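The lines below spell out each chain.
Number of protein chains: 2
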Amino acid sequence: MTGPRYTDLVNSLPSTVPFVGPEELERSRGTPFRARLGANESLFGPSPAAVKAMQAEALEIWKYGDPTSHDLRAALADHMQARVENILVGEGIDGLLGNLVRLLVAPGDAVVTSDGAYPTFNYHVAGFGGVLHKVPYRDDREDPAALLTRAKEVDAKLVYLANPDNPMGSWYPGTDILAALDDLPDGCLLLLDEAYIEFAPTGVAAPIDADDPRVIRMRTFSKGYGMAGARIGYAVGAPDLIRAFDRIRNHFGMNRVAQAGALAALRDTAWLAHVQDQVATARDRIAAIAADNGLVALPSATNFVAVDCGADGAFATRVLDALLARGVFVRKPVVPPQDRCIRISCGRPQDLDVLAETLPQALAAARA
Amino acid sequence: MTGPRYTDLVNSLPSTVPFVGPEELERSRGTPFRARLGANESLFGPSPAAVKAMQAEALEIWKYGDPTSHDLRAALADHMQARVENILVGEGIDGLLGNLVRLLVAPGDAVVTSDGAYPTFNYHVAGFGGVLHKVPYRDDREDPAALLTRAKEVDAKLVYLANPDNPMGSWYPGTDILAALDDLPDGCLLLLDEAYIEFAPTGVAAPIDADDPRVIRMRTFSKGYGMAGARIGYAVGAPDLIRAFDRIRNHFGMNRVAQAGALAALRDTAWLAHVQDQVATARDRIAAIAADNGLVALPSATNFVAVDCGADGAFATRVLDALLARGVFVRKPVVPPQDRCIRISCGRPQDLDVLAETLPQALAAARA
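Sequence lines, in order, name chains A and B.
Using numbering that gives the first Met the number 0, the first residue of the first sequence is number 0, and each one after it goes up by one.
Using numbering that gives the first Met the number 0, the first residue of the second sequence is number 0, and each one after it goes up by one.
I should point out that these hints are in silico values taken from the structure, not numbers from a laboratory.
All of these numbers come straight from a predicted model, not from anything done at the bench.
One thing to keep in mind: the hints can contain errors.
To be verified - Derived SDA-like pairs: lysine to any residue, alpha-carbon spacing no greater than 20 Å straight-line:
1) K51/B to L271/B
2) K51/A to L271/A
3) K51/A to L265/A
4) K151/B to P106/B
5) K151/B to P47/A
6) K133/A to D338/A
7) K51/A to A48/B
8) K133/A to D114/A
9) K151/B to P212/B
10) K151/A to G2/B
11) K51/A to E59/B
12) K51/A to P47/B
13) K51/B to A38/B
14) K151/B to Y5/A
15) K51/A to D245/B
16) K151/B to P184/B
17) K51/B to P47/A
18) K151/A to P212/B
19) K151/B to D185/B
20) K51/B to A48/A
21) K151/B to G2/A
22) K51/B to D182/A
23) K51/A to A269/A
24) K51/A to L58/B
25) K133/A to D182/A
Unchecked claim - If you anchor each label on the Cβ, the simulated ranges turn out as follows:
26) P47/A to D239/B: 44 to 52 Å
27) H69/A to D239/B: 50 to 58 Å
28) A310/B to P212/A: 48 to 56 Å
Glycine included, C-beta positions come from ideal geometry on N, C-alpha and C.
Model the full structure from these sequences, guided by the hints.
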């Protein structure tokens, strides 16, 4: 009796996963973290109006969600100065990424990204047999010109660029992104990941026409709107591309509580402003804590701060492990030279108090 | 300037969708349905304990869900007399089906199902380039022997069988399913869809060892547990197969409100018993309404009833359209001779009052 016959592609895939979740780390530790600052979640929480909408919608959970996400898409179209036909709602950017890769990437097709950029994107490219070409960061930022040059060289179908960037928190003016599009090779789509855009200064959102067929933008309710656990994000692109997702997506895949929460969250602009304010304060506090310990915090247009630990990747990993051992969940870049940093999500004062308490101990342990 | 270059497979896919949702039909009508009896949702609602758990978890929505669904899997393992390693939690059976097909089916690979069985399964098979072979129903039931014979003939990698069956509501004793496994060809996996198992008589759940490598079972919180809008289901299978999903699934894809609700729903066995009782009452009432109108309701082990409209598919479609026009959302089988039926989900007394009121009018209109 033989087992199931997997595809050749599946047989070729490693059984690694993109990330280990904090709950699994907590179970290994045997005790909860004191500060959950590793996944760029919003410790300032979701809009109270979104919570209220989700609690009300829980009573309606017996019904499937609207597969067209009609009301939310209409609100998002308004929010993005686009038409409903430009908007796709999906199961977070992770889910949208998987479907976009599936639309474009057959085994052997070339894809370009930055070395050290979002691992879940790389996971999806590998999962569909794509060949990933990586371009190094330049001065701790992604390098759009190099990405597009490489895309031309390898005849890429898809290029990934995050603005602002994760894991470094760096950014470009949106007009730079728009200008770079002119160098995009024909038949290559730019995936512009704007997951952190709500934390960025004015002008970082690229002024791209929603109908521009060269680019698809992705945004999420996981970061600025504090709803990571709801798994809801959206894409903005030309109607033909948005419609193409209908050929493969899980049409009845959206949780209706998430749909209701996202709609309420989008309308609560006062809460978003409050979170933006709290995040700015937390970025300054993280930079101050870093400085108190002789470390340098990199500038950030996101809800996290990359802190340069002042030595190599092995040292930063020791700092990270020492923080984890002291109950502080953080993560770090993995590719040199960015791997000299640890990445700390913005937290509330009480979370950053724990960081201030434990960072000196972690540095001492890493140096011992 | 060219647009994105889709894969050849995507270019070959039609832009049809498996189902039009009731909200879209309502928007076309310009008015809500009076009775929502078309999607086999549970009009009796979710467990109040599940609602309470979801409402509490809404406050925690800023955190990603546990990618391992640890607590829920442990509870499901207990529920299924299995080990945690046998259990996979996913975004409803629809999501699990998509990933299972992706694991096994490369372009050109053979898959077997019944003609008229679950369209979303067929959608996923087409979406990964599989070649679908269909076996007719026999006496309004799926035909396991014919499915397995066909699987052998076409060297199928995967066979789909629902027990109880949708859209007819028919069923086999679980021991029949277990016995049929002996005829499953080597290297062919049986996908046993048990979405409706909570409504079936004792003995319909197949007594399959969770470690049996020949079969994967799928169940859901959408039907008996009344949480269709939460998008959460689970698969039970051999550990190697369950682990294989980790190579391709969206690890951070689960909504944490859904995880919390499912755990509470699973524990509220009293609510499930209440729903089972209400469903049994509703099935009898639908049969009585059918009989009052000279129609025959087929026996059902599910939360819906297929009602034979007594003529051909075109007539049943006219009945369906006339019910829709009168505010009653129902669906119907599409393949002859099962398409002579309409499929009516179990509802509360007030929902079935609307059915009793409108069915005579719909029949008159269909006959006119």
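Hints, verified against the model:
no., hint, in the structure
1, K51/B to L271/B, "holds (16 Å)"
2, K51/A to L271/A, "holds (16 Å)"
3, K51/A to L265/A, "holds (14 Å)"
4, K151/B to P106/B, "holds (19 Å)"
5, K151/B to P47/A, "violated (57 Å)"
6, K133/A to D338/A, "holds (16 Å)"
7, K51/A to A48/B, "holds (18 Å)"
8, K133/A to D114/A, "holds (5 Å)"
9, K151/B to P212/B, "holds (17 Å)"
10, K151/A to G2/B, "holds (15 Å)"
11, K51/A to E59/B, "holds (13 Å)"
12, K51/A to P47/B, "holds (17 Å)"
13, K51/B to A38/B, "violated (25 Å)"
14, K151/B to Y5/A, "holds (17 Å)"
15, K51/A to D245/B, "violated (34 Å)"
16, K151/B to P184/B, "holds (6 Å)"
17, K51/B to P47/A, "holds (17 Å)"
18, K151/A to P212/B, "violated (46 Å)"
19, K151/B to D185/B, "holds (9 Å)"
20, K51/B to A48/A, "holds (18 Å)"
21, K151/B to G2/A, "holds (15 Å)"
22, K51/B to D182/A, "violated (53 Å)"
23, K51/A to A269/A, "holds (16 Å)"
24, K51/A to L58/B, "holds (9 Å)"
25, K133/A to D182/A, "holds (18 Å)"
26, P47/A to D239/B: 44 to 52 Å, "holds (46 Å)"
27, H69/A to D239/B: 50 to 58 Å, "violated (41 Å)"
28, A310/B to P212/A: 48 to 56 Å, "holds (50 Å)"
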